[in-house]
Amino acid sequence: MNTEPNTVIEVEDLVTHYGTRKILDGVSMNVAEGEIMVIMGGSGSGKSTLLRFLMALEKQTSGTIRLLGQDIGSATQQQMFDLRKKIGVAFQGGALFSSMTVGENIMLPLFEHAKLDMMTMEIMARMKLEVVDLAGFEDLMPAELSGGMIKRAAFARAVIMDPKLLFCDEPSAGLDPVVASALDDLILKLRDALQMTVVVVTHELESVFKIADRVTVLDRGRILFIGTVDELRNNKSERIQNLLNRRPEDEIIDPDEYLRRLTGEEETGGDATL
Amino acid sequence: MEHEITEQDGALIVGFSGDVDLQSSPDARKILLECVARKMPVLVDLSKVNYIDSSGIASLVESLQTARKAGGSLLLVSVSEAALRVLELARLDKVFTICGTIDEGLASL
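Sequences listed follow chains E and A, in order. If you want the working numbering, it's the position in the first sequence, counting the first as 1, plus 1464. If you want the working numbering, it's the position in the second sequence, counting the first as 1, plus 968.
Next up, chain E with everything else stripped away, as it sits in the complex (with noise of 0.2 Å):
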């Protein structure tokens, strides 16, 4: 009997720009069902960047994006509206509408693509508000919560339709750390009751070691490693090393280039990354 998981997210040599600039350069990767993979680089390393083409939201200039077995850049308006349906997305500033209740927030995606009782709705908003630790805010507006509070409902939310991806952005940043912790619980939890696979993009060392089964490193646009968080631990790599201690890194300086870009004339290259 085969008992290797699913692949549910495939990405092969994914290259993309914005504008002129490449972002990503050459990205392959894949997560299996159930897994929680997380994404980490230093800031500009493309790392957000991947997320949001992993959620579908733009279109790459070349390489290919499958998430269950659909190939994004052929997929149907319907295939991915069908798609998106069994996608969940935590955004790093939370994203609620602030002219909706909570809990309107949270029945969104419900009102958008299922035909439920309102009660089932509800039930099922008070339920995922359960889960987040937020019992019974349903009726306050977003800007009545506090930033661990907003993160927890966006949560509640992402997660309303059962989604078999999960994709959250920096869940931790700007928390403390006893909330920080909390989400990475949660993390956990969502994917050890639902069975969900989960990719999430952040720079805290703490949660990373914490919620990872493995890690994708970006550097520049480019992967620099894939592992679990042990295979992680023990690389010697040096970049890996000054990213795991935060050690700051020395920019070469190409004066030519630099001028250059100080002078505001044409670069030749458009291959680095923001």
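Any given hint might turn out to be false.
Claimed, not checked - Ranges between beta-carbon positions, derived for each pair:
id: 1; chain 1: E; residue 1: V1479; chain 2: A; residue 2: T1034; range: 55 to 65 Å
id: 2; chain 1: A; residue 1: D977; chain 2: E; residue 2: T1540; range: 52 to 62 Å
id: 3; chain 1: A; residue 1: S1048; chain 2: E; residue 2: M1583; range: 16 to 26 Å
id: 4; chain 1: A; residue 1: S1015; chain 2: E; residue 2: V1479; range: 43 to 53 Å
Unchecked claim - Taking lysine to any residue and the SDA-like style, the derived pairs with C-alpha atoms no more than 25 Å apart in a straight line are:
id: 5; chain 1: A; residue 1: K1062; chain 2: E; residue 2: E1586
id: 6; chain 1: A; residue 1: K1062; chain 2: E; residue 2: A1646
id: 7; chain 1: E; residue 1: K1550; chain 2: A; residue 2: E1049
id: 8; chain 1: E; residue 1: K1653; chain 2: A; residue 2: D989
id: 9; chain 1: A; residue 1: K1062; chain 2: E; residue 2: M1585
id: 10; chain 1: A; residue 1: K1016; chain 2: E; residue 2: A1646
id: 11; chain 1: E; residue 1: K1628; chain 2: A; residue 2: R1053
id: 12; chain 1: E; residue 1: K1653; chain 2: A; residue 2: K998
id: 13; chain 1: A; residue 1: K1016; chain 2: E; residue 2: N1470
id: 14; chain 1: E; residue 1: K1550; chain 2: A; residue 2: R1053
id: 15; chain 1: A; residue 1: K1062; chain 2: E; residue 2: Q1705
id: 16; chain 1: A; residue 1: K1007; chain 2: A; residue 2: R1053
id: 17; chain 1: E; residue 1: K1628; chain 2: A; residue 2: S1015
id: 18; chain 1: E; residue 1: K1549; chain 2: A; residue 2: K998
Worth flagging that the hints you see were computed from the coordinates, not collected in a lab. Even for Gly, the Cβ is constructed at its ideal location relative to N, Cα and C.
The hints should help you fit chain A onto chain E, whose structure is shown.
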């Protein structure tokens, strides 16, 4: 999703099979509420359910509350490991009476 309703020892046994998900849970809800309205104890047999999502669990919650308000009872029987994990996530395993078999469920009434 398919379902079967039988009567045994003065109780209604509602057996669901297949997936209880966003598509099928409105039917499951209707079936459950109709059973509860018959003023008999209801045993929901989940042994043949492959998958139940939050909308299915929400239908069970609403039916349990409706039964309780009317002085009746609703029990879950043969809950799969996967369904139990979803119930535990929202601590609903503390709310529902969960029995291993139909006989156990009938005996507990």
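Practice problem: Confirm or reject the claim that A:S1015 and E:V1479 have a C-beta distance inside 43 to 53 Å. | Solution: 50 Å, holds
Exercise. Could you grab the alpha-carbon distance between E:K1653 and A:K998 and see if it respects the 25 Å cut-off?
Key: 31 Å, violated
Exercise. Could you see if the CB distance from A:D977 to E:T1540 stays within 52 to 62 Å?
Key: At roughly 53 Å between Cβ atoms, E:T1540 and A:D977 fall inside 52 to 62 Å, so the hint holds.
Quiz item: Is the hinted pair E:K1628 and A:R1053 satisfied, with a Cα-Cα distance of at most 25 Å?
Solution: Holds, at roughly 16 Å.
Practice problem: Compare the distance between the alpha carbons of A:K1062 and E:A1646 with 25 Å, and conclude whether the hinted pair is satisfied. | Solution: 22 Å, holds
Self-check item: Cβ separation of E:V1479 and A:T1034, checked against the hinted range 55 to 65 Å
Solution: Holds: the Cβ-Cβ distance is about 56 Å, inside 55 to 65 Å.
Self-check item: C-beta pair A:S1048, E:M1583: status relative to the range 16 to 26 Å that was hinted
Solution: 25 Å, holds
Self-check item: Pair hint A:K1062 and E:Q1705, alpha-carbon separation not exceeding 25 Å
Solution: 47 Å, violated
Quiz prompt | Proposed proximity, A:D989 with E:K1653 (alpha carbon, max 25 Å) | solution = Within the cut-off at roughly 21 Å; holds.
Exercise. Take the C-alpha atoms of A:K1007 and A:R1053, compute the straight-line distance between them, and say whether it is at most 25 Å.
Key: 30 Å, violated
Quiz prompt | Proposed proximity, A:E1049 with E:K1550 (alpha carbon, max 25 Å) | solution = OK: E:K1550 and A:E1049 at ~22 Å, within 25 Å.
Quiz item: Are A:K1062 and E:E1586 close enough, with their CA atoms no more than 25 Å apart?
Solution: Cα-Cα ~20 Å, so holds.
Hint compliance for this structure: hints 10, 12, 15, 16 are not met, and every other hint is.
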